[in-house]
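Going line by line, the protein sequences match chains S and Y.
Numbering of the first sequence is given in this note's numbering, commencing with residue 485 and proceeding in unit increments.
Numbering of the second sequence is given in this note's numbering, commencing with residue 2 and proceeding in unit increments.
Watch out, some of these pointers could steer you wrong.
To be verified - Here are the simulated EDC-like pairs of lysine to aspartate or glutamate, each with C-alpha atoms no more than 20 Å apart in a straight line:
{"id": "1", "chain 1": "Y", "residue 1": "K235", "chain 2": "S", "residue 2": "E555"}
{"id": "2", "chain 1": "Y", "residue 1": "K78", "chain 2": "Y", "residue 2": "E234"}
{"id": "3", "chain 1": "Y", "residue 1": "K226", "chain 2": "S", "residue 2": "D546"}
Calculated directly from the structure, the hints in this document are not laboratory data.
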Amino acid sequence: MMRSLKKIITLLAMTVTSCVVFAQDKKVEMADTMRSNGRIYVVVAVVITILTGLILYVVRLDRKMSKLEREN
Amino acid sequence: MAEAKNYMYKSWWKIASVLLLLYTFTAGFLLEVPRLPALQETIRNLYFHVCMWFAMMILFTVSVVNAIRYLRSFNLKYDIYARHFAVAGIVFGLLGYTTGAIWASYTWADPNKPAINSFSSIARDPKLIGAAIALLVYFAYLILRDSIQDMDKRARISSVYNIFAYAMLFPAIWILPRILPSLHPGNEGNPALDVKNDISGNMRMVFYPAVIGWTLLGVWITTLKIRLSLLKEKKMIS
Numbered sequence: 485m486m487r488s489l490k491k492i493i494t495l496l497a498m499t500v501t502s503c504v505v506f507a508q509d510k511k512v513e514m515a516d517t518m519r520s521n522g523r524i525y526v527v528v529a530v531v532i533t534i535l536t537g538l539i540l541y542v543v544r545l546d547r548k549m550s551k552l553e554r555e556n
Numbered sequence: 002m003a004e005a006k007n008y009m010y011k012s013w014w015k016i017a018s019v020l021l022l023l024y025t026f027t028a029g030f031l032l033e034v035p036r037l038p039a040l041q042e043t044i045r046n047l048y049f050h051v052c053m054w055f056a057m058m059i060l061f062t063v064s065v066v067n068a069i070r071y072l073r074s075f076n077l078k079y080d081i082y083a084r085h086f087a088v089a090g091i092v093f094g095l096l097g098y099t100t101g102a103i104w105a106s107y108t109w110a111d112p113n114k115p116a117i118n119s120f121s122s123i124a125r126d127p128k129l130i131g132a133a134i135a136l137l138v139y140f141a142y143l144i145l146r147d148s149i150q151d152m153d154k155r156a157r158i159s160s161v162y163n164i165f166a167y168a169m170l171f172p173a174i175w176i177l178p179r180i181l182p183s184l185h186p187g188n189e190g191n192p193a194l195d196v197k198n199d200i201s202g203n204m205r206m207v208f209y210p211a212v213i214g215w216t217l218l219g220v221w222i223t224t225l226k227i228r229l230s231l232l233k234e235k236k237m238i239s
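The shape of chain S in the complex, shown without the other chains (with noise of 0.2 Å):
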């Protein structure tokens, strides 16, 4: 259980870590041709951030329903 929960937040943060560094890459050419005012990655680092928090909340919840049903 542990070992497969670690898995899945390795792969999380991996998967966020590669989505901003996939946003500072195209910065440079995305911002001026996709829109006059760019910065729109920072949108979007903060809405997975977000997302990631919400996610994180609720495995954590899923892990404490799991503890409680093996007590029980």
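Place chain Y on chain S using the hints.
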């Protein structure tokens, strides 16, 4: 414990949900979208606002299926399933309604007039009224179910009501808005699915994964609540 091998305890679909949502939130903001007047960048709301309604429909469908399963087997477990899926559906419906209100106030409202003037025409929109009716019908389901003390009676009455509520959902959000003039897109066909008028083909690359991701998130939260309820039930019996 036969319950342990249930899908609720598997993690692959939870991981899938997380990955799909992460994809939605990045690709949803970064991918090219059609440039349409009035809509502009708000077309990206397709990945969020519309998905709320899709998730709501799917969750309500799961709820009614479980209500029927209860009526066929009289196993109280299915009544608990039906109740929690309905609650999750309502949550997604409310989110869809709220996001729609925000979206409409920037795309439907006339910027040259005071907001209150546009409000009267927006609030009159049949799609909004239909959605409000559908949600109110489901609120009534919760009130009805939670006001009955006797467990079997509660399960039976609320399961039957659940089927009626589901039957009401279709005229309220699918049929009535289509036969009345509405500002909401998709009156002549299916909103968000019409490649010719509403969206471009590559928006589907994000839209369908988004629908699945949001729905799975709703199911995940629902299963947590179901597990809590089943645990409570077990404690009460023992």
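Hints and how they fare:
With a C-alpha separation of about 12 Å, the suggested pair K235 of chain Y and E555 of chain S falls inside the 20 Å cut-off, and the hint holds. A threshold of 20 Å between alpha carbons decides the hint, and for K78 of chain Y with E234 of chain Y the separation of about 9 Å falls inside it, so the pair holds. Straight-line distance between C-alpha atoms of K226 of chain Y and D546 of chain S comes to about 10 Å, which keeps the hinted pair within the 20 Å bound.
Hint check: no violations occur; every hint is consistent with the structure.
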